[in-house]
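Trainee: Sequence:
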Amino acid sequence: MNRWSGLVAVLTLLGCAEAPPPGVKPAHRPIGVAMPEPVAAPETPASAAARAYYAEVQRGLLGQGLLRTDGGGTDTPYTDRMLADNFLRVALYDEYDRTTGGTVQRQTVSHLRRWQAPVRVGLRFGASVAANTRATDTARVGSFLQRLQGLTGHPIRLDDNRPNFWVYIVSEDERQALGPVLQAAMPGLTANDINGVTAMPRSTYCIVYAQSSGGSGVYNGAFAVIRAEHPDLLRLSCIHEEIAQALGLPNDSPKARPSIFNDDEEFALLTTQDEMMLRMLYNPALRPGMSEAEVRPIVETLSRRLMGGDSYALAGNEE
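320 is the number that our numbering gives the last residue of the sequence shown; the numbers go up by one with no jumps.
To be clear, the hints were calculated from the coordinates, so they are not data collected in a lab.
Ideal placement from N, C-alpha and C gives every residue a C-beta, glycine not left out.
Where hints are given, some of them may not hold.
Taking lysine to aspartate or glutamate and the EDC-like style, the derived pairs with C-alpha atoms no more than 16 angstroms apart in a straight line are [said to hold, decoys possible]:
| no. | residue 1 | residue 2 |
| --- | --- | --- |
| 1 | 256 | 57 |
| 2 | 256 | 266 |
| 3 | 256 | 267 |
| 4 | 256 | 44 |
| 5 | 256 | 81 |
Here are the simulated distance ranges between beta carbons [claimed, not checked]:
| no. | residue 1 | residue 2 | range |
| --- | --- | --- | --- |
| 6 | 180 | 203 | 46 to 54 angstroms |
| 7 | 70 | 290 | 34 to 42 angstroms |
| 8 | 292 | 74 | 45 to 53 angstroms |
Please model the complete structure; the sequences and the hints are all you need to start from.
Mentor: Following this line, the structure appears as structure tokens:
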């Protein structure tokens, strides 16, 4: 996908990313007094142009039979060996390399990463997003988080009080002003990282950063940005990929099919193979920080069990 996932290994222990200061809470009001729904800010010329552009992008992709929502079928078979190899490539490699000169798209070997603490997602909208759209997006994000929790067995939920995973849905102009918010939420980011959000090119549909403590492989914070101008399916596809990638599947591979972890745009939403990769990622036999050599034999065993429908493996148990 034309999406950007920046996985940041912070050299010093940062702990969970702290939430930016909350806004002033509304005063207590008598029961029965309805508060008006938030009125969306007027659309700017830049946002209107972006909305028209991404509507055309979605039409073009759908016209080519892409952005599938079926999760894969008889035309996309895969074996246990393919599942294991795809997991290793998606979970144990990074799509981008952060250098002193900037961020370069280059496959680099890494180690297993995932969350240990509960994932508490704080969903935020720009003033440009209408109330009905906010309600739809909130329901979709909440439903997807429940699905991810069921797949991984790891606590993942919407939580406005103590987020450690921020998801911002903002317009073109609002995204350009996100620098201070992003820096406050993830202080380990560089100026180049922040510029990747505020100056995000049109070819990047959405972006996520996840951070860990040194080389531990334990994620303690994440920040995703999704364009408010996206039409429904493109918007939902960004929700699926960015949240799933920041759980510990950071890379894309052209061999992963059916999968959203692939830049070919064929699938818009999480597929059957993606679900299996998430099950394996949070299996207790794996640990954050493990190398590819350590992970491979375990994943090969899990893949065989999953493809064979072994309920013992699905429960995350090992002999």
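Trainee: For the pair residue 180 and residue 203, does the Cβ-Cβ distance stay inside 46 to 54 angstroms?
Mentor: violated, 19 angstroms
Trainee: Quick check: does the Cβ-Cβ distance between residue 292 and residue 74 fall within 45 to 53 angstroms?
Mentor: Violated - the Cβ-Cβ distance for residue 292 and residue 74, about 35 angstroms, lies outside 45 to 53 angstroms.
Trainee: Taking only the CA atoms, is the gap from residue 256 to residue 81 under or equal to 16 angstroms?
Mentor: holds, 14 angstroms
Trainee: Does the structure keep residue 256 and residue 44 at a Cα separation of 16 angstroms or less?
Mentor: violated, 40 angstroms
Trainee: Between residue 256 and residue 57, is the straight-line Cα distance small enough, at 16 angstroms or below?
Mentor: violated, 27 angstroms
Trainee: Does the Cβ-Cβ separation between residue 70 and residue 290 fall within 34 to 42 angstroms?
Mentor: holds, 35 angstroms
Trainee: Holds or violated: residue 256 with residue 267, Cα cutoff 16 angstroms?
Mentor: Holds - the C-alpha atoms of residue 267 and residue 256 are around 12 angstroms apart, at most 16 angstroms.
Trainee: Within 16 angstroms, alpha carbon to alpha carbon, are residue 256 and residue 266?
Mentor: holds, 13 angstroms
Of the numbered hints given earlier, the model fails hints 1, 4, 6, 8; all others are met.
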